[in-house]
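Visitor: Residue strings, one per chain:
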Amino acid sequence: MSGPSTYVPKSALGRWFESRLPIGGLIHSSFVVYPTPKNLNYFWAFGGILSLMLVAQIITGVVLAMHYTPEATMAFSSVENIMRNVNYGWLLRYLHANGASMFFFAVYVHIFRGMFYGSYKAPREVLWILGVIIFLLMMATAFMGYVLPWGQMSFWGATVITNLFSALPGIGEPIVTWLWGGYSVDNPTLNRFFALHYLLPFMIVGVVILHVWALHVTGQNNPAGVEVKSVERDTVPFTPYATIKDAFAMVVFLILYSWFVFYVPNYLGDADNYIVANPLVTPAHIVPEWYFLPFYAILRSIPSKLGGVIAMFGSIAILAFLPWLDTSKIRSGRFRPLFQIFFFGFVIAAMGLGYLGSKPPEGAYVIAGRLLSVYYFAYFLVILPLLGLFETPRTLPATIADDVLAKGGSAILAGAAQAPSTKG
Amino acid sequence: MTFRTHTLGWLTAAAASLLLSASLLSVPVSAQEGAHEQPTPARQSWTFAGPFGKFDRAQLQRGFQVYKEVCSNCHSLSIPFRTLAQPGGPEYSEAQIKALAASYKVKDGPNEAGEMFERAGRPSDNFPWAFANEQAAAAALGKSPPEMNLLAKARKYERGFPLFLIDPFIQYQELGPDYIYALLNGYSKADDPNYNDYYPGHKIAMGAPLSDGVVTYTDGSPQTLQQYAKDVASFLYWAAEPSMEARKKMGFRVMVFLIIFAGLLYFTKKKVWADVHGDAVTTH
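Line by line, the protein sequences are chains Y and W.
The opening residue of the first sequence carries number 956 in this note's numbering; numbering runs sequentially from there.
The opening residue of the second sequence carries number 105 in this note's numbering; numbering runs sequentially from there.
What the hints contain is simulated information worked out from the structure, not anything from laboratory work.
As the structure is a prediction and not an experimental result, all values here were calculated from the model.
Careful: at least some of the hints might be erroneous.
[As the list claims (entries may be wrong)] Below, simulated DSBU-like cross-link-like pairs (lysine-lysine); rule was C-alpha separation at most 35 Å, straight line:
| # | chain 1 | residue 1 | chain 2 | residue 2 |
| --- | --- | --- | --- | --- |
| 1 | Y | K1362 | W | K373 |
| 2 | Y | K965 | W | K374 |
| 3 | W | K373 | W | K352 |
| 4 | W | K353 | W | K307 |
| 5 | Y | K1260 | W | K260 |
| 6 | W | K158 | Y | K965 |
| 7 | W | K373 | W | K353 |
| 8 | W | K375 | Y | K1362 |
| 9 | W | K373 | Y | K1184 |
| 10 | W | K158 | W | K374 |
| 11 | W | K260 | Y | K1184 |
| 12 | Y | K1184 | Y | K1260 |
| 13 | W | K375 | Y | K965 |
| 14 | W | K374 | Y | K1362 |
| 15 | W | K172 | Y | K1184 |
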């Protein structure tokens, strides 16, 4: 990626075009000869899976938008019209609704992978921050998309979340009125949410391009966390090696996706969203989609409204500071025995918060939510800064090639023994 | 050495807080169930459950009969008549649907004179509602009854931890029909027609709508409350999810394709990567 491409097209027409717009060279250097570390595991396939999901969401979303009516009295029935009367409308809608969940599932795996293997550390800070921006844009997009069917949970979810801004002192109320386009969530709110829900995915595409660009400048991190020392010994070309591996991972991911779409399409949704929005009837429990639950739990753990809002946004914003909060020189968690314990504690805390976010904020749920929220923030603000100072890491492999050798042991040797005979 | 004790302290603190939160998590689940006081609806066996589930046509037709003779007096069902003839549903014949639609009066207009008029229903019309609007229904019944076309997807009950984690694997999607069945069988107090075991808060505006013998079946099925409840719950699930059979049928094909494709890709990947590790050894 860095530096001018050495790519020369085979055909004369290709060479003519390449000397005018070197797009072939760009693709060639980014997705064909681009060196990828040999020791990547399947957690590294989630970047490709996320690109696939982004494209899938945009395609299904654009077609759905052709049939959807963003008007408060017609939105709900237009979605039912898609489900009942549009050819394969049920398929498009279930793909899109479950696709959002799959997208978030993949992004959480992707983020946790980065956190475990220290992918945010120098020189990948900008790459990481671009990722945090993509995550924020995804959350905004998903939230607005969930409002569009105009069911009970759409309406009340929108009311609760937009109302958070009213916690800001002085300017809060005017901001909420401005967001709503009126004095409550209503048709103007639905209209602007639809416009933004259509716009934001393309902004995500833009930031994803920057994210991939930054990735291809620094090169990928890898499970050993040691930098590529020799392109020849430590890496393999993107095509065919990463291409085929990612393709396999994507198809396995599609199996999971299809399971939800075809067999349990409503499992991840809320039953209340099959009731048309009614401003006069509040649902018993207003619960966001599962992928927002950990942040919702943090919001409700703080007794003050403003404090809760700050904590919730802070819990996401803090990710952007991770490169400077982690003081350890060692990238990969594989070589950090203590870090591993705290990291898996963090994963459990995040999932625990997710569970608590779905429960009413009362009694022991609140206490547990507060404890886990404290751990969530302590992980970033106390544990990671101190751990780097006190922890004794394990010995790192000298190179990526050494890491591959050390890992496979006998299986690799067996493969090597066969290799000469097959190659002749 | 001081480092060791320091880190050990961290560890025990982390472990303790995790254990504490875990124990806190396990307590309120049972406490909460006690507070709600609604029994959990029993899981029924439905012909449409599972990856190969299909609706029982005769059951859907009986369920429609229950809807038409009982539910439709209060509840609306805004789906077109024609859907009852579609594949994957009750599958009435076109002629039957034409006759059914014609038996209803539908408001249409305005005509050339600018007036609204009534005409016989056509298969493309929605089932008309017994009330002009929600306000009229609320005035007559005390509370406007819920629309029925999505009712079976708009109702659920709490599965609780850890069952809700198992549901996607066992493909349990029939919470709505199970709840409706339980509710229709849940009028347990003879002296209070508005008391229901399963309704949140127990006070339901709808008095027991069904009892043994209120609908006369022509196919010899038992004319009991349980049978009516089961038939109408099935019908409502079809009404909420009319494309379910097509969806599961396509799902199976997609799954077979993806699994074979994944297998082929796996072996291709193995072949492509086979020489990578070998090279690493030889160059070493």
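Visitor: Is the hinted pair K373 of chain W and K352 of chain W satisfied, with a Cα-Cα distance of at most 35 Å?
Guide: holds, 31 Å
Visitor: Would you mind confirming whether the straight-line C-alpha gap from K373 of chain W to K353 of chain W stays at or under 35 Å?
Guide: Holds: K373 of chain W and K353 of chain W sit about 30 Å apart, inside 35 Å.
Visitor: Next pair to validate is K353 of chain W with K307 of chain W; report whether the Cα-Cα distance is within 35 Å.
Guide: Not satisfied, since the Cα-Cα distance of roughly 41 Å exceeds 35 Å.
Visitor: Holds or violated: K158 of chain W with K374 of chain W, Cα cutoff 35 Å?
Guide: violated, 40 Å
Visitor: Given the hint that K965 of chain Y pairs with K374 of chain W, does the C-alpha gap stay at or below 35 Å?
Guide: Holds, at roughly 30 Å.
Visitor: Decide if the proposed pair is consistent with the structure: K1260 of chain Y and K260 of chain W, CA atoms, cutoff 35 Å inclusive.
Guide: holds, 31 Å
Visitor: For the pair we were handed, K373 of chain W and K1184 of chain Y, check the Cα-Cα distance against 35 Å.
Guide: holds, 25 Å
Visitor: Check the hint pairing K1362 of chain Y with K373 of chain W against an upper bound of 35 Å on the C-alpha distance.
Guide: The given pair, whose Cα atoms are some 19 Å apart, holds under the 35 Å limit.
Visitor: Do the alpha carbons of K374 of chain W and K1362 of chain Y lie within 35 Å of each other, as the hint requires?
Guide: Judged against 35 Å, a Cα distance of about 17 Å means the pair holds.
Visitor: Compare the distance between the alpha carbons of K158 of chain W and K965 of chain Y with 35 Å, and conclude whether the hinted pair is satisfied.
Guide: violated, 56 Å
Visitor: For the pair we were handed, K260 of chain W and K1184 of chain Y, check the Cα-Cα distance against 35 Å.
Guide: The given pair, whose Cα atoms are some 57 Å apart, is violated under the 35 Å limit.
Visitor: For the pair supplied as a hint, K375 of chain W and K1362 of chain Y, confirm whether the alpha-carbon distance does not exceed 35 Å.
Guide: OK: K375 of chain W and K1362 of chain Y at ~20 Å, within 35 Å.
Violated hints for the displayed structure, listed by number in ascending order: 4, 6, 10, 11, 12, 15.
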